[in-house]
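So you can see what is in the structure, the chains are spelled out below.
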Amino acid sequence: MAPTLIIALLSALAQLIFPWWIIAPIAFGVCFWQSTTAGNAFLQGTASVTLVWTAYIVFLNIQNGGVLASRLGELLFKVPNSPAILVTLAPLIGGLVGGLSGLAGFYVRQLWQPVRR
Amino acid sequence: MRVFRAILTCLLAVGLVWALNRPWGPAPAFGPFLSPFTGFWQNAEPASVAESEREVDVEGTTQPVTVRYDEYGVPHIFAQNDADAYFAQGFVTARDRLWQMEFQTHAAAGRLTEIVGERALELDRFNRRMGMGFGAERAVKMMLEDPTSRAVVEAYTAGINVYIAGLKPANYPIEYKMLGYAPEPWTPIKCAYLLKLMTSTLAMGADDLRMTNILRKYGPDVVADLFPDYPTLESPIIPEGTKWDFKPLPVPATPTDAAMQRQLLTLTARSFEAGLVQNNPAIGSNNWAVGAQKSATGYPILANDPHLTLSLPSIWYQVQLVTPTMNVCGVSLPGSPGVIIGFNQKVAWGVTNVGADVLDFYTIKFKDTTQSAYWHDNQWKPTTMRIERYKVKGKPDVLDTVRYTHHGPVVYATGEKALRPNIPTGHAARWIAHEAANDLRCFYLLNRANNYDDYRKALTYYAAPAQNFVFASVDKDIAISPNGKYPLKWKNQGKFILDGSNPAHDWQGWIPTDQNPLVKNPPRNFVSSANQFSTDRTYPYYLNWQFASAERGRRINERLTAMTNATADSLRMLQNDNLNLRATDALPTLLPLVQAQSLQGDARLAYDAVSKWSRRNDPDEIGPSVFTLWTEKLLETIWKDELDGGDTLPMRYPSFDRTLLMLQREPTARWFDNTATPARETINDVVTASFKAACDSLTRAHGPLSPAWAWAKHKSTDVRHLLPGVDAFSAMDVLNGGGGTVVNATTARTGPSWRMVVALGPKPQGYGVYPGGQSGNPGSPAYQNLIETWREGKLNELVYLQTATEQHPKVKQTLTLK
Chain A
0 MAPTLIIALL
10 SALAQLIFPW
20 WIIAPIAFGV
30 CFWQSTTAGN
40 AFLQGTASVT
50 LVWTAYIVFL
60 NIQNGGVLAS
70 RLGELLFKVP
80 NSPAILVTLA
90 PLIGGLVGGL
100 SGLAGFYVRQ
110 LWQPVRR
Chain B
0 MRVFRAILTC
10 LLAVGLVWAL
20 NRPWGPAPAF
30 GPFLSPFTGF
40 WQNAEPASVA
50 ESEREVDVEG
60 TTQPVTVRYD
70 EYGVPHIFAQ
80 NDADAYFAQG
90 FVTARDRLWQ
100 MEFQTHAAAG
110 RLTEIVGERA
120 LELDRFNRRM
130 GMGFGAERAV
140 KMMLEDPTSR
150 AVVEAYTAGI
160 NVYIAGLKPA
170 NYPIEYKMLG
180 YAPEPWTPIK
190 CAYLLKLMTS
200 TLAMGADDLR
210 MTNILRKYGP
220 DVVADLFPDY
230 PTLESPIIPE
240 GTKWDFKPLP
250 VPATPTDAAM
260 QRQLLTLTAR
270 SFEAGLVQNN
280 PAIGSNNWAV
290 GAQKSATGYP
300 ILANDPHLTL
310 SLPSIWYQVQ
320 LVTPTMNVCG
330 VSLPGSPGVI
340 IGFNQKVAWG
350 VTNVGADVLD
360 FYTIKFKDTT
370 QSAYWHDNQW
380 KPTTMRIERY
390 KVKGKPDVLD
400 TVRYTHHGPV
410 VYATGEKALR
420 PNIPTGHAAR
430 WIAHEAANDL
440 RCFYLLNRAN
450 NYDDYRKALT
460 YYAAPAQNFV
470 FASVDKDIAI
480 SPNGKYPLKW
490 KNQGKFILDG
500 SNPAHDWQGW
510 IPTDQNPLVK
520 NPPRNFVSSA
530 NQFSTDRTYP
540 YYLNWQFASA
550 ERGRRINERL
560 TAMTNATADS
570 LRMLQNDNLN
580 LRATDALPTL
590 LPLVQAQSLQ
600 GDARLAYDAV
610 SKWSRRNDPD
620 EIGPSVFTLW
630 TEKLLETIWK
640 DELDGGDTLP
650 MRYPSFDRTL
660 LMLQREPTAR
670 WFDNTATPAR
680 ETINDVVTAS
690 FKAACDSLTR
700 AHGPLSPAWA
710 WAKHKSTDVR
720 HLLPGVDAFS
730 AMDVLNGGGG
740 TVVNATTART
750 GPSWRMVVAL
760 GPKPQGYGVY
770 PGGQSGNPGS
780 PAYQNLIETW
790 REGKLNELVY
800 LQTATEQHPK
810 VKQTLTLK
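Each protein sequence line maps, in turn, to chains A and B.
Note that numbering that gives the first Met the number 0 gives residue 90 to position 91 of the first sequence, counting from 1, and the numbers run on in steps of one.
Note that numbering that gives the first Met the number 0 gives residue 651 to position 652 of the second sequence, counting from 1, and the numbers run on in steps of one.
Treat the hints loosely; a few may be bogus.
Said to hold, decoys possible - Here are the computed lysine to aspartate or glutamate pairs in the EDC-like style, where the Cα-Cα straight-line distance is at most 20 Å:
(1) Lys712(B) with Glu805(B)
(2) Lys490(B) with Asp476(B)
(3) Lys762(B) with Glu805(B)
(4) Lys77(A) with Asp726(B)
(5) Lys242(B) with Asp476(B)
(6) Lys77(A) with Asp717(B)
(7) Lys484(B) with Asp474(B)
(8) Lys345(B) with Asp220(B)
(9) Lys77(A) with Asp732(B)
Derived by calculation from the structure, the hints in this document are not laboratory data.
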């Protein structure tokens, strides 16, 4: 649980200043440092970024009444009046980056420190 | 194994980031675009506008500027001096419309390849070869030589640039994020480009080549017969019989050398490399003012609705500018300082397009293939070169050399039709947009005008695109002037391609500004324009042989003549008048010509519907759908066989006015026969066939005759985003009435881009609306919030504040620039 919160907190702060891909090195670093299994690392990386992106997106989208997400859903997927598509999809893409980076962090760590069972 | 999986996952992670961080074809880079921290979510503005007060620290104002926003997002700018006012106008306009301002000026400058890549190259090349850059450079030089306009443009530029400098990529307008580029600093020449863009929209029509080809194929008698120099039905802008109180300059004589004419026809290419822009008859406008005697208020009331290709972000940007010496309110063009159409305490003004012939093509005979010299006035004269460099997104730069003669740029090479291979010819464009001019000064003065004399003085600075400037003042003066810089021409000079070697074919100077057509306080107590002929045939100078068809102008004049006790609302209702005068003119002739007994099914029903139709282009009527298509098919059926030479011999059809006259008076004219068939078609065959064809295509489009044929649905007005194909940012299928030859001139793509009515008086009251919204951001509630009001033909009261602290129920937000 702790790594998820650490990634979420750090990446939320870092993304205010750095480009979006800062989520990758953060997930990598935290999982390198904290994760105990590959599965955990992937889940923690995915969950943390998805969580942060979802929270912020839901906030912005509600405030906007879904207008822009609806327009872009129509533009990108040809489905009108469905802001939910992007509200769901966008965090998953961020999450995937977090998950893969977390997994990579964990596996790299394994090069130094073999599995403790 | 461990090493392998570590490397593999690292590569996967890096690869994913890389793939998400770059654009794929037209799709944006998905990582930054979908991130809530940097992506489009940042453009998702709150749906409701809360009351707020904000201060922004900016470098560049001398005193604090107060900007008060009303509920429509219109800024009301209160500044202590001119420079601060225009600085703030630049700042707030960029805040709402930055992408649009930059995109439109890039388009005018032929720089779209930098944004969208190679697919824009032909369009860019056309704009540059027409001399848009050449003209803008001359215009900005003159603008900056004049200390007043220099101060205005520089302050406006500084305001835009301060806004851009304070912008983080996360806050870029969404189009930058979609296309993957960043705004560049604004420069004064971009203001000039914007005005050139208007000139290219409104004064780039040229039928010279088409008319020359008709002359070549059918000779001068047919041209004179089918393309007369004045229509049958007309109601000119300057009322017939108005006296010209000036001594005209001698008009140059028409060269009559027949041998020269023949030689020119041989030399002139039958087609140019690229299609010329034909005058778009749907791009026009209405304006009028009723005098104090006609109005219920005892003061003049003025109305204006400029018709353009409707687009989003909205063409116009509403603004009020207040300094100790000015309080002006109206609409501006994003990218140009000041107010273009509007009012102040004392006066109101508006514009419609004139449509004078200010673009001519000259056949140029070069000395040799290097094109370094051309024949003019019996000697070889040197051309100058202008190198155009196109930066193409994702591709190497493209270079293009354009040759300039004293006429202007050689836009088109002739290709294979040259007389002899060693003497290449080309066609040079002489275009008003190439002239140095300081049009901004005109609007600067109008914004501050107190009376008729100020209006007259302001107009002397205006060059192009020539506009019918309508005027009304609290002193109870009304006036209108088809005004601009007009070349002094012989009659019909430029109706056909001109001889670039003959000095008699050059533009011979200019019509003196104070001899431009003008009428002040005419006995009929109103003035008006709708792009029809500027004057009757007594005006001593030649402006053009054709203007927009007269129906809108005639209808406006008919209604204004009858109007008494006019109010702002009566003028608003006239703006929404849907009577189709073309139908009332033509149907009594056309309906009896239809072989009604041969009609079956839908055609029979449609015939009855048109016969019973009110002649109004109201949204639910079926008549206008049938009539509009019918007249299109009719022109095609009559003229296509003789006057459509395709791309190899571009020609054009005669006007509807001329065609109707033929239907009425020359029922056996040779033109009714379809030369492609062995049979000889009669006038009845043609009218009937075109009626059936119209019904067939309606059935194909909408099924059997039903309410699906209703005009609003058939016409299906779209207000489209400037980026082609981005329907998600467009307002599609706006259901309303109107039509191209109707006062409410809404067609499928064009229409009233701004409707304004101003009642003058001790406290002027303005009303207005445009199809869009103040914000250019598709994620803003103010992006297209005015479209419904516009569709219904209603107007909003324009908030006109007197002081920076005035309480007003519609004013919600305050922004202070310090």
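Cross-check of the supplied hints:
no. : hint                     : in the structure
1   : Lys712(B) with Glu805(B) : violated, 45 Å
2   : Lys490(B) with Asp476(B) : violated, 33 Å
3   : Lys762(B) with Glu805(B) : holds, 15 Å
4   : Lys77(A) with Asp726(B)  : holds, 10 Å
5   : Lys242(B) with Asp476(B) : holds, 18 Å
6   : Lys77(A) with Asp717(B)  : holds, 18 Å
7   : Lys484(B) with Asp474(B) : violated, 28 Å
8   : Lys345(B) with Asp220(B) : violated, 52 Å
9   : Lys77(A) with Asp732(B)  : holds, 17 Å
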